[in-house]
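Asks: Order-wise, the sequence lines are chains H and C.
Just so you know, we're using this note's numbering here: the first sequence kicks off at 1 and counts up by one.
Just so you know, we're using this note's numbering here: the second sequence kicks off at 1 and counts up by one.
No lab work stands behind these hints, which were simulated from the structure alone.
As the structure is a computational prediction, the values presented were derived from the model and not from experiment.
Wrong hints could be hidden among the right ones.
Here are the simulated lysine-lysine pairs, DSSO-like style, with alpha carbons at most 27 Å apart [what the hints assert, rightly or not]: (1) K273(C) x K233(H); (2) K152(H) x K93(H); (3) K291(C) x K273(H).
There are 2 protein chains.
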Amino acid sequence: MEQVQNKQIILKDYVNGFPKESDMLITSSTIHLSLPEGSNAVLLKNLYLSCDPYMRGRMSESKGSYVDSFTPGSPIEGLGVAKVVDSTHSNFKKGDLVWGGTRWEEYCIINDPQILFKIQDTDVPLSYYTGILGMPGMTAYVGFYEICAPKKGEYVFVSAAAGAVGQLVGQFAKLSGCYVVGSAGTKEKVDLLKSKFGFDEAFNYKEERDLEAALKRYFPDGIDIYFENVGGKMLEAVLPNMRFNGRISACGMISQYNEQGDGVRNLVHIVTKSLRMQGFIVSHYFPMYPKYMEMIMPLIKQGKICYIEDVVEGLESAPAALVGLFSGRNVGKQVVVVARE
Amino acid sequence: MEQVQNKQIILKDYVNGFPKESDMLITSSTIHLSLPEGSNAVLLKNLYLSCDPYMRGRMSESKGSYVDSFTPGSPIEGLGVAKVVDSTHSNFKKGDLVWGGTRWEEYCIINDPQILFKIQDTDVPLSYYTGILGMPGMTAYVGFYEICAPKKGEYVFVSAAAGAVGQLVGQFAKLSGCYVVGSAGTKEKVDLLKSKFGFDEAFNYKEERDLEAALKRYFPDGIDIYFENVGGKMLEAVLPNMRFNGRISACGMISQYNEQGDGVRNLVHIVTKSLRMQGFIVSHYFPMYPKYMEMIMPLIKQGKICYIEDVVEGLESAPAALVGLFSGRNVGKQVVVVARE
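Just chain H, same shape as in the assembly (with noise of 0.2 Å):
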């Protein structure tokens, strides 16, 4: 039976704060290549790791949250695309490609493959199964179709706009003859924006001194629809600036996830406007993923959507991409390469 080295990112303990580089320690054990005759589980070779913001909530000692936290001692648990080394379970067989719930190492155990998608088509990079033909992808889509329900002709605010979901959602947001501004915190990302996404315009965040008036200055008639990422002070700018019936999605709050900080004001809108404010957990919607996949797979294959993926090489370059996330260090989709086949 064919032992190999399996490489692992170990989460120390858990965290407070801003995770740091050093709350993972890179290890490694050793692996059997099969599985045991009479297990009901499948064998992954992981190929591509995500790194989503989601899992700063995973990295504390849970209270109530909707996702477990991660077992200090224990690898870090994502979301990958795997190839299946060996499978025991039905569904399954030797050389499948799958995307779901992986660990970060080489190799690993899956014993309840149900949280793992077979790739079917595979005439697309694979590591768009990390992003906009996974998670993100559904997420950008849920929260703005599902929760936003968009009009032709409305104006939509997208923040954290050059991430994963938010390049996404400014995309769809043009395909649904809305008008969209995003904003992002360097200018590269701006550019990215305008040049490559198609928002009609975009602000770098960090050198507005007042974010309600470079609102009002991009919105002067006001926001239909802000697709919430970040929470904190932009929420609190955006406020006054939407428009009766105006809808945020509560996709994300990175601003609030390592620190509380500052509560937010100008809640009072919600009242006076009529607001809806909804957050939504995307694999409520998972039902919903072969729908999605019918929309989206035209717009990529006939470049009507693009992607942009900020891909590092190796495992151990896996907790310095993470981290920084938190810092908006990556430029589109945060993906890890473990091995290419």
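The hints should help you fit chain C onto chain H, whose structure is shown.
Replies: Frame of chain H; chain C shown alone:
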């Protein structure tokens, strides 16, 4: 042509911070008790005037609010019950009883009587048309049934629960088979909630040092529905106690009408628990008024629902009554009797 004295309550100037009685002036003018020929108006004799928290917004200079500011130097505008003294409008005739938009004076001319509802059923106290049968009743109905979509067995929390709207929401929740807890600011009100309105539990928020812990005590399994009347610190304490897929009807945020106060923390729970927080403008739902009347009138007549009013006598008592809303002085719906017939 009969000419009479007409007592009026005038707003002196726009208000900053908490309103004071001295922001209003009691004065008197004269009025003819018949309308000029060729006009298309109604002349009202006001019977009951309504004091409502939303009126605070109209005392400030308008900044794109959903209601216009009052005009300094002119009578306060508000809702009330009145008798038609003269009419040159085809929909109304002398002797009709109406409720809707009027002004704080003994007699007033309404040039756009489409803002008035004709009162058909006088088998209940006429003052009820400022409360349970008027705007606050519709607010409770829309905010609870339409916005929160309650299900039997759900956990409901109501703030400002002894007010014009809250007392109804609590009773609607019990009629819907929910568990309901209310908060209020005096022992007298807390007692009323339990003894009169049938809340399962009630507490005095002023006596709780830790609101989040208090809510945890009353809702060990969390809150499905929060009927939000106050905002600020209460909202901040509610958010961590909300359950998955919880709904927050943002009816009012009285704590923030007079002073901005600190921002609200804990909004990240909107994301992590898939919460929906929704504001609404009750007047947009007025087409549902007949449907509400069909529901509420039998409940009143069968004694299945009750309504507490805080009644003061005389137009000259109106300024103190209005100001009292913002310190929680009123117990139940605040009504001003201008004339009984």
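Asks: To test your reading of the hints: which numbers does this structure violate?
Replies: Per hint list: single violation, 2.
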